[in-house]
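Peer 1: In order, the protein sequences belong to chains A and B. Residue numbering for the first sequence follows the UniProt record's numbering, beginning at 1 and increasing consecutively. Residue numbering for the second sequence follows the UniProt record's numbering, beginning at 1 and increasing consecutively.
No lab work stands behind these hints: they were computed from the structure. Check the hints yourself; a few may be wrong.
Just so you know, same-sequence chains aren't split out, so a pair can sit in one copy or run between any two.
Said to hold, decoys possible - Here are the simulated SDA-like pairs of lysine to any residue, each with C-alpha atoms no more than 20 angstroms apart in a straight line: (1) K198 <-> T253; (2) K198 <-> P307; (3) K189 <-> L143; (4) K218 <-> F277; (5) K218 <-> P243; (6) K198 <-> G299; (7) K189 <-> R107; (8) K189 <-> A274.
There are 2 protein chains.
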Amino acid sequence: MILFADRICDHQILRHFLCVWRALAALEYRNDFMNDTPIGSDEKAVPTLDELRQRIDRIDESIHLNLIERSEIVEALIAVKRTDKPGAAFRPGREMDMMRRLVGRHRGILPITAVEHLWREIIATFTHMQAPYEVVVEPGADLRDMARFYFGFTVGFTQAQTRDQVIEQVRTGQGRVLGVAGNEPDAQKAWWIPLSDKGVQVIARLPVIAQAGRPAAKDCFVLSMPLMDTTVPDIRLVALSAPSGSGVDDAITSVGGGILSRVMEEGHCEILAAMPFSVSNVEIESLTRLADNPMVIRGNVGGYWSPIALSSL
Amino acid sequence: MILFADRICDHQILRHFLCVWRALAALEYRNDFMNDTPIGSDEKAVPTLDELRQRIDRIDESIHLNLIERSEIVEALIAVKRTDKPGAAFRPGREMDMMRRLVGRHRGILPITAVEHLWREIIATFTHMQAPYEVVVEPGADLRDMARFYFGFTVGFTQAQTRDQVIEQVRTGQGRVLGVAGNEPDAQKAWWIPLSDKGVQVIARLPVIAQAGRPAAKDCFVLSMPLMDTTVPDIRLVALSAPSGSGVDDAITSVGGGILSRVMEEGHCEILAAMPFSVSNVEIESLTRLADNPMVIRGNVGGYWSPIALSSL
Chain A
1 MILFADRICD HQILRHFLCV WRALAALEYR NDFMNDTPIG SDEKAVPTLD ELRQRIDRID
61 ESIHLNLIER SEIVEALIAV KRTDKPGAAF RPGREMDMMR RLVGRHRGIL PITAVEHLWR
121 EIIATFTHMQ APYEVVVEPG ADLRDMARFY FGFTVGFTQA QTRDQVIEQV RTGQGRVLGV
181 AGNEPDAQKA WWIPLSDKGV QVIARLPVIA QAGRPAAKDC FVLSMPLMDT TVPDIRLVAL
241 SAPSGSGVDD AITSVGGGIL SRVMEEGHCE ILAAMPFSVS NVEIESLTRL ADNPMVIRGN
301 VGGYWSPIAL SSL
Chain B
1 MILFADRICD HQILRHFLCV WRALAALEYR NDFMNDTPIG SDEKAVPTLD ELRQRIDRID
61 ESIHLNLIER SEIVEALIAV KRTDKPGAAF RPGREMDMMR RLVGRHRGIL PITAVEHLWR
121 EIIATFTHMQ APYEVVVEPG ADLRDMARFY FGFTVGFTQA QTRDQVIEQV RTGQGRVLGV
181 AGNEPDAQKA WWIPLSDKGV QVIARLPVIA QAGRPAAKDC FVLSMPLMDT TVPDIRLVAL
241 SAPSGSGVDD AITSVGGGIL SRVMEEGHCE ILAAMPFSVS NVEIESLTRL ADNPMVIRGN
301 VGGYWSPIAL SSL
């Protein structure tokens with residue numbers, strides 16, 4: 001047992017040594033620090049490690065008090081908006097505006113995606129405080145991460161067995177359930193076709209900030225029952241069906257749209273197409289009158305705001 | 001195609017109707033709101049929905065600018081601390097102090113666990129900016145969530161196949177890898193025994209805030225190579241071994257400790273015991289001199305700070 005006592009003793013000596021070493025190191029680098037990175041004007045000329053930590057603590061207190069004040073305003077909003085109505089609290093257009101402002105204002109070494117996640121946690125939690133909802137996500141660690149990144153840890157959260165289950169839970173959730181489903185260029189089946197019959201629609205596409213090398217980068221959709229939001233996204237999703245896959249890329253590109261996903265089913269080609277706001281109904285309908293491979297418009301399946309494109313990390 | 005155009009049209013009419021309905025609803029509840037929840041003093045007597053949203057936007061801007069300032073101070077800290085040394089940036093004692101301050105200062109309807117996660121994302125990301133590290137977590141959606149809750153989305157992140165792989169990656173990570181491993185009262189094997197030989201130790205136990213009904217509630221440990229942190233946690237973890245499982249609970253409780261996990265291996269009982277700071281080495285060593293079922297002390301395997309206990313949600 002002497003060995004046991006010795007180990008504890010050595011540990012403490014080591015710790016004291018490191019403590020002294022770090023104090024010396026801090027002194028050594030003080031001058032460099034003041035010459036290289038002056039930050040703001042302080043009463044004292046040379047901030048020590050402790051002073052820098054105290055500044056961090058003051059900033060954290062300020063952020064926390066701001067969050068508390070935000071929660072008081074949201075309490076007032078609840079009274080004004082009366083948002084116990086399902087689906088009334090989601091405002092993807094306003095959320096996108098918030099993200100654009102964050103990106104526009106950001107500077108410094110903190111990754112913008114960390115800022116994005118902080119606000120997603122804030123927005124998702126405060127929305128949940130206004131009108132409780134839950135998120136159901138299809139299987140897979142990547143998609144679980146996406147849902148946690150965008151909806152945080154306070155909202156109700158379940159992982160379904162299949163994408164069909166996700167859609168069904170959104171439909172039966174009476175506006176209180178959001179779904180998260182992956183987007184693959186080559187889908188196993190045309191999962192988007194039943195959406196419009198069920199009243200389920202795409203309300204967002206993730207990730208919202210497009211940046212090569214970013215974390216939480218899996219391409220996916222947020223599904224919901226129709227929202228009470230009055231803003232219209234800049235990309236509309238249209239389900240199309242063509243007798244064959246021949247020339248569909250060119251045809252859809254020619255009207256200004258793009259194919260997000262396609263699948264050959266029972267001898268015809270089912271297509272999930274993204275149509276920017278600039279593409280008119282007339283242009284979309286022209287796809288039904290093509291001499292070669294005329295398409296059928298199956299319906300709208302919602303829409304999303306174009307991601308905010310940033311240069312890579 | 002008339003049908004298609006009609007659908008869009010109906011959608012827009014519905015949206016306009018809802019917009020008018022909401023404006024009327026906002027007017028209707030303005031008076032109630034002013035009587036029930038006055039927030040601060042504003043030039044105008046009656047805040048509208050738009051005014052409340054503008055206040056939220058101003059708060060968000062303030063929080064964002066605070067975060068940017070925090071990143072500038074961390075840049076200065078990097079210069080002062082010279083924390084390219086592996087393991088130099090982790091300060092679990094200071095992080096625990098921060099959490100205690102957050103809990104002490106918190107009020108209002110925002111769940112404290114949402115605040116906890118926001119700061120965990122902030123702390124983990126800023127620590128990563130000082131000295132890059134990654135987190136390796138054992139299999140399971142619950143543990144993945146725990147690791148994302150506590151280390152956020154910016155740090156490197158992998159999920160290993162087994163707990164042994166987690167421990168091995170921490171050992172070979174030269175201080176740049178943290179592990180997350182579950183704590184079960186009845187473990188499959190005494191996984192903690194190899195830790196001290198490998199130089200790996202427990203540096204934290206999660207969740208840090210103990211509150212019934214909280215999200216991210218899975219009991220687990222954070223593993224690390226020895227830190228340069230000089231603070232000593234208030235709970236020490238000791239690996240004990242007894243000839244049998246008979247009376248081990250009473251014996252360990254009698255000195256003031258508790259059993260976190262136990263497993264019968266090859267005819268003896270391996271125990272992971274939590275010893276509060278108040279339990280002396282002499283008291284722990286007294287367990288080796290028990291007449292009935294004397295224990296062997298296998299070594300220290302780190303420690304953690306007692307969770308902050310809060311009443312349930």
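Peer 1: Each hint: holds or not?
Peer 2: Status of each hint after checking the structure:
{"no.": "1", "hint": "K198 <-> T253", "in the structure": "neither (29 angstroms within a copy, 59 angstroms between copies)"}
{"no.": "2", "hint": "K198 <-> P307", "in the structure": "neither (27 angstroms within a copy, 46 angstroms between copies)"}
{"no.": "3", "hint": "K189 <-> L143", "in the structure": "within (19 angstroms within a copy, 32 angstroms between copies)"}
{"no.": "4", "hint": "K218 <-> F277", "in the structure": "neither (24 angstroms within a copy, 45 angstroms between copies)"}
{"no.": "5", "hint": "K218 <-> P243", "in the structure": "neither (31 angstroms within a copy, 52 angstroms between copies)"}
{"no.": "6", "hint": "K198 <-> G299", "in the structure": "within (12 angstroms within a copy, 61 angstroms between copies)"}
{"no.": "7", "hint": "K189 <-> R107", "in the structure": "neither (43 angstroms within a copy, 49 angstroms between copies)"}
{"no.": "8", "hint": "K189 <-> A274", "in the structure": "within (18 angstroms within a copy, 53 angstroms between copies)"}
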